[in-house]
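Going line by line, the protein sequences match chains G and A. Here the first sequence is numbered in this note's numbering, starting from -15 and rising by one per residue. Here the second sequence is numbered in this note's numbering, starting from -15 and rising by one per residue.
Do not rely on the hints blindly, as some may be mistaken.
What the hints assert, rightly or not - Derived Cβ-Cβ restraints for the label pairs, each shown as a range:
(1) A:Met347 <-> G:Ala318: 32 to 42 Å
(2) A:Asp329 <-> G:Pro481: 57 to 67 Å
(3) A:Asp44 <-> G:Ala433: 48 to 58 Å
Source of the hints: derived by calculation from the structure; they are not laboratory data. Every residue, glycine too, gets a C-beta built ideally from N, C-alpha and C.
Protein chains: 2
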Amino acid sequence: MTTRSWWGWGNVEDAVTPDERRELVSRVRAVLPDADLTFHSAPDPSSLDVPPPRVVPPGDLYSVDVVDRLSRGRGQAYRDVTRNLAGVVGPLPDAVARPRTEQDVVDVLDWCSSHDVAVIPFGGGTSVVGGVEPRDLDRVVTMDLSLLDRVLEVDPVSRAARIQAGVFGTSLEAQLKPFGLTLRHFPQSFEFSTLGGWLATRAGGHYATLYTHIDDLTESLRVVTPAGVSESRRLPGSGAGPSPDRLFLGSEGTLGVITEAWMRLQSPPVFRAGASVRFASFERAVEATRLIAQSGLNPANCRLLDPAEAFLNAGAASSVLVLAFESADHPVDALLARALELCGDGEVVEGAASQWRKSFLRMPYQRDVMAQHGMITETFETACTWDRFAELHAAVVSAATSALRAVCGIGVVTCRFTHVYPDGPAPYYGIYAPGRWGSLTSQWDEIKAAVSEALIDAGGTITHHHSVGRDHMPWYTRQRPAPFALALAGAKAALDPAGVLNPGVLTTRST
Amino acid sequence: MTTRSWWGWGNVEDAVTPDERRELVSRVRAVLPDADLTFHSAPDPSSLDVPPPRVVPPGDLYSVDVVDRLSRGRGQAYRDVTRNLAGVVGPLPDAVARPRTEQDVVDVLDWCSSHDVAVIPFGGGTSVVGGVEPRDLDRVVTMDLSLLDRVLEVDPVSRAARIQAGVFGTSLEAQLKPFGLTLRHFPQSFEFSTLGGWLATRAGGHYATLYTHIDDLTESLRVVTPAGVSESRRLPGSGAGPSPDRLFLGSEGTLGVITEAWMRLQSPPVFRAGASVRFASFERAVEATRLIAQSGLNPANCRLLDPAEAFLNAGAASSVLVLAFESADHPVDALLARALELCGDGEVVEGAASQWRKSFLRMPYQRDVMAQHGMITETFETACTWDRFAELHAAVVSAATSALRAVCGIGVVTCRFTHVYPDGPAPYYGIYAPGRWGSLTSQWDEIKAAVSEALIDAGGTITHHHSVGRDHMPWYTRQRPAPFALALAGAKAALDPAGVLNPGVLTTRST
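Isolated chain G, as found in the complex (with noise of 0.2 Å):
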């Protein structure tokens, strides 16, 4: 048995040890010798002054418990994690849903739309955007749909299976290997967050190309809204009108609450091959990805670092390359060939594959355990087209550098590509300060306005698979074309008419 951590990433059981934890201090020391790495525990939770509910709504699905409402309250944003550390309480749901049946969610759903208490659809928790967390609300239920968590129906001819939206993906994934199928969609929070949270979000996977983001693995969708359930017919493919999983895909639990997905499975990987390369310099990597990206050889795997990247994080000096090809059918070999020809002076290297995976599955703990030394370690990411990059990544970089400088008066900014496409890379940033133990959040948010500022500013999105949240809504706003907004408020005021689903995300609440 595991315990969640109540103040920051994953399981307590999988936090840094104590000797990660003085490595870790010791490399940062090594770039800041100056910096103040005090380590501050997390506070006692229930010593926390925890405000009554405003609302208790009848019947044995809601809990007002103080340990309920205290661990939906909030995302895993850095910002979550800080104001945790701080002993900041609030702002909180009043009561935790958390059905047990679809009927349930309708239930609820009503009870909500005809009391005028607002309704925050709740996953694994892991937004790092302000999703769930329940601000400038006058009352509140979230609806957690982890008792939803099971594989109801597998279609092994067709390979795909229909899947309730609460599932984490652990779970998801062992319920599907009796079949001899996976969803394969591993984004890093895979452990900690649910197919539901998955598709609100159109979340991202681990791999680089093709079908990755969640929105291509879906066949239909299943969704409560105030106005009825919408539930899409079984198809691989249709022109029948707008796409309505499409609408629904990003939404972000503001038009429905998704309850059930038919999703598109696979057969598990046999065939691999796998090489890391070193590059002379980051803008001969990025050509080099670039060229794969267009090639049609559709690596599984195909993470560019940069060289602070690569330093911290695959133990490397230089940019590297991770390729990676996998498939079911046939083997892979000629398709590696070709992309490390595509590579042209690019160096294969030893190791950084392997380093690189052991990091990324550890990069959430790091980050909280450097938190608590009183670190700002954040990521933000973006996609924009090739012809862009140059100057979106100089334009990104420098922002990033003014506000550390101004904010902390030091701090690294790296660089690496989560996903590449044809036209285009998804950029995924980190940034590493030291911070001033007490001001962390609004240091964090002071650095990240700049950035998405710069971001938006070079024709970037303002998130690629984070998500809008709130903490994403004024760049959003800038980003999506004004007609659409109208258009998207006008969809959420027929299925939403009452304005109680996860008001403030999206659309502005319309009472």
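Place chain A on chain G using the hints.
Coordinates of chain A only, in the frame set by chain G:
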């Protein structure tokens, strides 16, 4: 120079030759010795009685010329051709607008919105579903976008181009060619349809797998709506809320007029490998096709013809799978070899692919000349998951056969797969039956209704890539989730408050 046929498919110069016609007729005679195959000439369009326009908008953007109105009142469905051949006039637009600039588009929408005049956006007019027909409307302007026909900008690094929506397929590819790039979107209507039409109807290209639907080739859209111009950012991927582009893709002119798009391009293929495989039974052919669709080999062509289809259009007498692989980057012979392994005891045959290709481009012309001989020759298409295919196929063939027997006494039903997905095929049916001159339209309507019922009852989509238009509305409204209909109506009301955009399609007129 070529001349578009006023009553049927394509160019007058490319119509079926007398020799080709004699050959077709004798082939039909062999199967249907008793059919009345009397030839009927198309009427002289100047002899038709065209009612005067009910509204004449002011200014030089509009034409009320009889030929302009007559040639834009219908699409290219069988029922459009038979009505033309029978000299049945109308419904017609009252005026045709031909905007030269985006501002002209804005002006037309403004004028029509404030004068309660419906607007039907018109690309190449190849709709086979009544999408451009001003049925049951009082006063209508058809907006022909064909003057907006330029590739405006090419980004060779990201491989994308900004293209005006009114450009026809041939011109589009000709404008891209100097850049060594191609959109590689080749629907059967390619020569006579436009980018805007493809986008508005979610067209399917010629290729069988991967990037073939226009949806996936779209990087961003510019759409003029009565509520303002919507322009999405050029992004290779984004997780910022529901996709704005996916709302307009498939909106069939009901939410706005697409004026420009950034489209994803590719390098033309250099490496090619192909083969045709004959199977002992349709069932075994379907099974092999499924294995290939799920293999990750992603053939460019993977077109399965049932024995009747193969007999009529590929000179073979058993189920044939036409396979082809293409790449601009690397050899594809190993992929073909593996696909052939997956075909099991299928047998490679020569010549079928080239004959099929030739037939494919002639089909619409042949359909029309056969209509002149009183034959009913038409297609309908769908998609379903693999597990349901056998049942859907049996139901559709049975419904079509019964309908043909009831309506025509006899007839042939054929099936092919136009596209295949890991989770299901897109079956495409052809019917061939002797009609009754003078009743062809109503006979077709009866057959179409019977088949559509069967498709929808069997869990398919009413259209995989022909769109909804007016003809598919009764089944589309059964297919789509009811709450999605509400959401779409809400979005439309927000973007098109006067309800003037293509009324009767997708949403019902609110006024």
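Honestly, do A:Asp44 and G:Ala433 meet the 48 to 58 Å range at C-beta? holds, 51 Å
- Message: I want to verify a distance hint. Is the separation of the beta carbons of A:Asp329 and G:Pro481 within 57 to 67 Å?
- Response: At 60 Å between Cβs, range holds.
(message) Please check whether A:Met347 and G:Ala318 have a Cβ separation lying inside 32 to 42 Å.
(response) 38 Å Cβ-Cβ, so the 32 to 42 Å window holds.
Hint violations for this structure: none, all hints satisfied.
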